[in-house]
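Quick note, the sequences are listed as chains C and E, same order. Under my numbering, the residues of the first sequence are numbered 1 to 764, in order. Under my numbering, the residues of the second sequence are numbered 1 to 764, in order.
For the record, the hints were derived by calculation from the structure and aren't laboratory data. Certain hints may be false.
As the list makes no split between identical chains, a pair holds if one copy fits it or if it spans any two.
To be verified - 30 angstroms max Cα-Cα, derived DSSO-like pairs, lysine-lysine:
(1) Lys22 to Lys626
(2) Lys120 to Lys22
(3) Lys522 to Lys392
(4) Lys183 to Lys424
(5) Lys164 to Lys196
(6) Lys525 to Lys535
(7) Lys739 to Lys626
(8) Lys206 to Lys154
(9) Lys183 to Lys581
(10) Lys761 to Lys751
(11) Lys421 to Lys260
(12) Lys111 to Lys88
(13) Lys274 to Lys481
(14) Lys274 to Lys196
(15) Lys158 to Lys581
(16) Lys525 to Lys196
(17) Lys88 to Lys22
(18) Lys22 to Lys123
(19) Lys224 to Lys164
(20) Lys22 to Lys164
(21) Lys88 to Lys123
(22) Lys154 to Lys224
(23) Lys158 to Lys424
(24) Lys392 to Lys513
(25) Lys22 to Lys158
(26) Lys751 to Lys366
2 protein chains.
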Amino acid sequence: MGMDYSRIEDWILREDSFDPEKLGKCEAVMSLGNGYLGLRSATEERYLNETRGLFVAGTFNKFDENEVTELPNAADMTAMSLTINGEKFSLTEGTTEDYTRELNIRTGELKRSMLWTSPKGTKVRLAFYRIVSLKRLHVIAQRVEITAVDSDVKVELKSGINGKMTNTGSQHFSDGDKRFYDKRIIQFVQTTGQSKIDFVDTTVHKLELEGNVLPLEAEVYIEKREIFAGYTVEAEAGQTLVIEKYSSVYTSRDLDVEGKTVAQLQELALETSKELESLGYEALREESARQWEEEVWNLAPIQIEGNGMDNFAVHFAQYHLRLMVPAHDARMNIGAKGLSGEGYKGHTFWDTEVFLLPYYIFTDPKTARKLEEYRYLSLPGAHAKAEHNNYKGAMFPWESAWLDDGEVTPEYMDVDILTGKPNKVWSGFIEQHITSDVAFGVWQYSVITGDEDYMERYGYELIMDTAIFWASRLEQGGDGKLHINDVVGPDEYREHVNDNAFTNYMAHWNMQKAMEYYHLLKEEKPEIYERLNGKLHLDEAYGAWKEACEKLYLPTPTEENVLPQDDRYLSCRDIDLSKYKAQEHVGGITRDYNLEQINQIQVSKQADVLVLFFLLEDIFPQEVKKASWEHYEARTLHDSSLSLSTHSVLACDMGEKAMAYDRFRKAATIDLGPFMGSSNAGIHAASFGGVWECVVYGFGGVRMLGGNLRINPSLPDEWTKLSYTIIWKGQKLAVEVTKGTVSVKNLTGTKQVELEVNGEKCVL
Amino acid sequence: MGMDYSRIEDWILREDSFDPEKLGKCEAVMSLGNGYLGLRSATEERYLNETRGLFVAGTFNKFDENEVTELPNAADMTAMSLTINGEKFSLTEGTTEDYTRELNIRTGELKRSMLWTSPKGTKVRLAFYRIVSLKRLHVIAQRVEITAVDSDVKVELKSGINGKMTNTGSQHFSDGDKRFYDKRIIQFVQTTGQSKIDFVDTTVHKLELEGNVLPLEAEVYIEKREIFAGYTVEAEAGQTLVIEKYSSVYTSRDLDVEGKTVAQLQELALETSKELESLGYEALREESARQWEEEVWNLAPIQIEGNGMDNFAVHFAQYHLRLMVPAHDARMNIGAKGLSGEGYKGHTFWDTEVFLLPYYIFTDPKTARKLEEYRYLSLPGAHAKAEHNNYKGAMFPWESAWLDDGEVTPEYMDVDILTGKPNKVWSGFIEQHITSDVAFGVWQYSVITGDEDYMERYGYELIMDTAIFWASRLEQGGDGKLHINDVVGPDEYREHVNDNAFTNYMAHWNMQKAMEYYHLLKEEKPEIYERLNGKLHLDEAYGAWKEACEKLYLPTPTEENVLPQDDRYLSCRDIDLSKYKAQEHVGGITRDYNLEQINQIQVSKQADVLVLFFLLEDIFPQEVKKASWEHYEARTLHDSSLSLSTHSVLACDMGEKAMAYDRFRKAATIDLGPFMGSSNAGIHAASFGGVWECVVYGFGGVRMLGGNLRINPSLPDEWTKLSYTIIWKGQKLAVEVTKGTVSVKNLTGTKQVELEVNGEKCVL
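Please model the complete structure; the sequences and the hints are all you need to start from.
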């Protein structure tokens, strides 16, 4: 009951029963999109516990001073109220047979079908189809087939645009112009309250009975924030009524319609509606499916043989990795829930650099570059944050939204179980490692792609500017060393710690990299050196970096070879964590202890020093990694969706294949698994990047180390073969791994590629 | 099925079946309140099509520039999610027997009970009780009884405060402070966005099993805009679990807590919670029921004998007339839907003066005075509107909200069926008769109550100031006459008409009354004359009034004795209106014709010249009334809830008793009747005043004419006896009417009362 994996060989995720209390899961994991639009798969007929959601990337708005900017939930155009012989169609009424909902991740089509008998006994067979076009970013198309089974039926349809949607009660839009054109095309203009982004929503219906297009005679309803059309059609027993609905969204933020007035957008949308009407659902579905094939499946094919579920899981990850990424616009980035829900408000975190970027770098470098350009374009916010905190350089926000928004982490969340007051969220103030994570992403991108143009325009500056921040951030200690006090590391169960290993090592890396590039620019790219020196005073900065790198305190392993996570962790008390290790829902420990108490226990929300080993894997000896792994793995609750894939990849590196596979399976089920509930607020974007990392970095053994490509594959017992492609400095390599063999082919073949495979250097 | 009148003899309105598609009716007509709070009777368990609503009188807020100010829908505290043995309680699931919902209008208590069998077969008997206290204006109390019928049950309750409520999508509140005190008391602070009114919402639960109070151990949930407690209780077969929930609302607009800071309000609300907890539901219900007895039923008893439904209807009207009136605060007035829904946004119209005021004047003069003080206090808005339109004096807004808001009529509504564009609402611009309606209300109030203090402080000034407006409003015509061009009269199916009879005659009356009072003040109250002359330049104004009254064009009857509604009406074409006269839902004609077309047809939305005859009944001869009645009644669709009672009262005056009774019955069923749907957005406040007018003005024959009291009763055939009380110049008179007799007693007896009964002058 619930999620059904019987058709995964056909790239289809199914739901085989309907539970009106558990709608969030499929709404999110079966959501549709194209990086511009994200549409939760809420059903056509409405339910009390539904969470409808339509998000347009980058259209951030701030509801009021008490809230942070968030991605607004746009007007809904997918709902359709159907009344069959006077009875409202709803799966909570009457009886439902043959129910399935299917997401075809290969074509991006959602289908739902059932045989429904109304409370009074009218029988209809219904099928609902829906796409968000990957070919036409602004377009949603729907098709509904209603077959009268054994009696004549009168179908009443009420359908249009509903602008009453909110983000958990916050209304981001002003009510605007509403129009019926030709008694057929419905249009609604909304404008975000603070950011003043205009949305032009347009929709039109087409009705067909037994293949004949019916003339539309709408009853029209215009109320506050909504505009609807009503149609009534009679069908005889055995006949099929088809309703198609074509919708489009244009906004004044869109680059592809830049400079158009609202009136021009309205006109354009009208034209779009007419074009969609003439194309029809099937043609729109077809061209979008072709686009999926070309843009995703041919571009970055991966194949796991030996386990169909694992194979599906990595494709499912790729499906969502395409939905979430605004490949069309460098002014926006990936939200922690993609575009599949209100969770994390559409904000971008370190997730992009550490968990998502590798996928795009290795499979779609153009899109990866957009993600990295975003960080450059959002420097104004990073400068503002640094200045606000009396630091220098670029201090990136922990949560990031529009380019100049700066820090947008909400200040309070959840409740303190002891005081009854909301908990203060410290990440926006002191989770500072994000700044070196951004620099690390720049470096990764540039080395793997060889995109020197990016570096010259943006990359060198970003690495210098972030290093300047770090030099200004350090504090002189009584021991003559420089320290980074009062931070939160990746392990958010520990607030206000000093000398967090991850933070200190990554800051050190950041400044080292800046010094390295300083020399490089001065020697090899004097013009760029001059420009950046003028802008950032590099010569002065260099001195600061040098001193800082020499004096920065870097935690060293204990006698037992355990790298201390921070200056307190190892001296905290141990408690029996088995209850929380076995939990079904994350965060159980916060129901028993408040954060202050958790701070006194050796317990981690997620991998902390382990992520450090993952990113800077060549600076720690194997025995430190091993001992630290054993210490921290036992104390990690994986209360973050980011944690599991890191553990899996590291377990691979350490030859712990069974454990690696176990963690991979767990990571793969975060959204795909049968648990109803955990995906309600949206999918876990980073975990999809993590799934790809488990497969290609972990079992596939791919890593960029010190600028070089290394492939050390090692398949889990369950797999017979793994094949994937990666793009290394512009050359697309096809890798095939079986139990005993590795083959790497250069599919591009325009440049020589040097790499190391299982310890042996090769040239392709 | 649906509304059930089997218990009306016990003052109880029932619903005998539950239809999840038709929730609005009972939510509105069974709503609870006390003039400060208005609470729609949405159920504890939630449904898709519910419209929850909690309104606090006078707390207007404007969502944004595109919208007008409206009464915001405050956070919900009545919802309770109940899970019984793991199954969510909902009447759309499982089976329900013995269902009833009952509103006791005598005590103001709502009760709902049923035997519910869950889909898996768990049987529980449930009873829900609820009051809004008439004794403690800030308080809502609820009680739920859950009896395990034949098996042990585990009950999970999730209940708290939900701040995600909106007004049809417009969110009026900033999210604010959320707190759990003692893991027991839940508090939530919201602040309106533009008007900056703080709301402190507080709630606390008490759980009892078989009479034993259970210790509360809440799981707490704090999210954006919501704060909830979760409780789990197990009951054995046969045991009854009782949940009581006590909630309070305080706002920074409240007079009774004026000057308190938010922190002080929070403290006060905490104290209130503790007091309510210790009192318990039964004591709160009891004291509130006593208050209903004293304040309403003993104050203004009415009894109709011979027809129980009519008797109930007038009590039902009185019930809602108490719910809707902010008797506690002169800075607010009655909304067109009372406090029972979002319809008309909580705004005050001419409904107050013409349809509602008579009830309060004759039964509760203190409250009537508050309503009239409101008009004085809102003069700043009226002055602003006049100035904005280049007129002088006080031009009252067609729709009125907070004192200095001025005109708040929305600019657009519905859709033009021809152009597909929203219709412009002209009332806010040109429905100008409201200004003389306000003056008329002042005069009525002062003459009937004899409240000279009111007149001296506010009344004379209001009548002068409104007359100054009218003198400045008139336009010189080519005929040497003054005209009032381009208005909407009470009949809103006719826009942009000239010389609307109602408008012109009432303007004339207004200026005449001002001239009369000018003389009176000058001669008898020179101090007041001096004060007002200084403020309003009365001497100058008097000249303008005199000329205006002489020259103002007053439409005269045709040869057929029909008073022309305006300069065009009688020359418009007639069409067959039978389709619309027979309609079940109002406004049918607007689906066939747009407003421009309707303007060319002899058709009326509501009584127009008939209202004029009703207000100024002594200036038109009987034959004009009769001929006009016949002409217009045939062409009136009663598409306004205000229309029927006017027709009924006039039919009484003309001796058309059968027709009068028919119209009365129709008026009485507007909200009380069995039609589901028409009350969704709230009850029809004016129609309740109209019901009282039908009874006391119409059949009871009471009228103030030229300053004198007249009682000409005439019972419909269906009634054997009618008794009621009215207060005339401070003396409470008890009137008893049977088929052949009229008796009037002075219950107060401190002053002589002169009146005319059935044409005979009497002195009591």
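Here is what the structure says about each hint:
no.: 1; hint: Lys22 to Lys626; result: neither (42 angstroms within a copy, 65 angstroms between copies)
no.: 2; hint: Lys120 to Lys22; result: both (26 angstroms within a copy, 17 angstroms between copies)
no.: 3; hint: Lys522 to Lys392; result: within (22 angstroms within a copy, 78 angstroms between copies)
no.: 4; hint: Lys183 to Lys424; result: between (52 angstroms within a copy, 19 angstroms between copies)
no.: 5; hint: Lys164 to Lys196; result: both (18 angstroms within a copy, 23 angstroms between copies)
no.: 6; hint: Lys525 to Lys535; result: within (16 angstroms within a copy, 81 angstroms between copies)
no.: 7; hint: Lys739 to Lys626; result: within (25 angstroms within a copy, 103 angstroms between copies)
no.: 8; hint: Lys206 to Lys154; result: within (17 angstroms within a copy, 50 angstroms between copies)
no.: 9; hint: Lys183 to Lys581; result: between (60 angstroms within a copy, 27 angstroms between copies)
no.: 10; hint: Lys761 to Lys751; result: within (17 angstroms within a copy, 116 angstroms between copies)
no.: 11; hint: Lys421 to Lys260; result: between (47 angstroms within a copy, 22 angstroms between copies)
no.: 12; hint: Lys111 to Lys88; result: both (21 angstroms within a copy, 28 angstroms between copies)
no.: 13; hint: Lys274 to Lys481; result: neither (69 angstroms within a copy, 56 angstroms between copies)
no.: 14; hint: Lys274 to Lys196; result: within (28 angstroms within a copy, 46 angstroms between copies)
no.: 15; hint: Lys158 to Lys581; result: between (49 angstroms within a copy, 27 angstroms between copies)
no.: 16; hint: Lys525 to Lys196; result: neither (42 angstroms within a copy, 58 angstroms between copies)
no.: 17; hint: Lys88 to Lys22; result: both (21 angstroms within a copy, 12 angstroms between copies)
no.: 18; hint: Lys22 to Lys123; result: both (26 angstroms within a copy, 23 angstroms between copies)
no.: 19; hint: Lys224 to Lys164; result: both (8 angstroms within a copy, 18 angstroms between copies)
no.: 20; hint: Lys22 to Lys164; result: both (22 angstroms within a copy, 20 angstroms between copies)
no.: 21; hint: Lys88 to Lys123; result: both (13 angstroms within a copy, 28 angstroms between copies)
no.: 22; hint: Lys154 to Lys224; result: within (29 angstroms within a copy, 43 angstroms between copies)
no.: 23; hint: Lys158 to Lys424; result: between (45 angstroms within a copy, 24 angstroms between copies)
no.: 24; hint: Lys392 to Lys513; result: within (18 angstroms within a copy, 76 angstroms between copies)
no.: 25; hint: Lys22 to Lys158; result: both (25 angstroms within a copy, 17 angstroms between copies)
no.: 26; hint: Lys751 to Lys366; result: within (19 angstroms within a copy, 94 angstroms between copies)
This entry does not satisfy hints 1, 13 and 16, going by the numbered hints stated previously.
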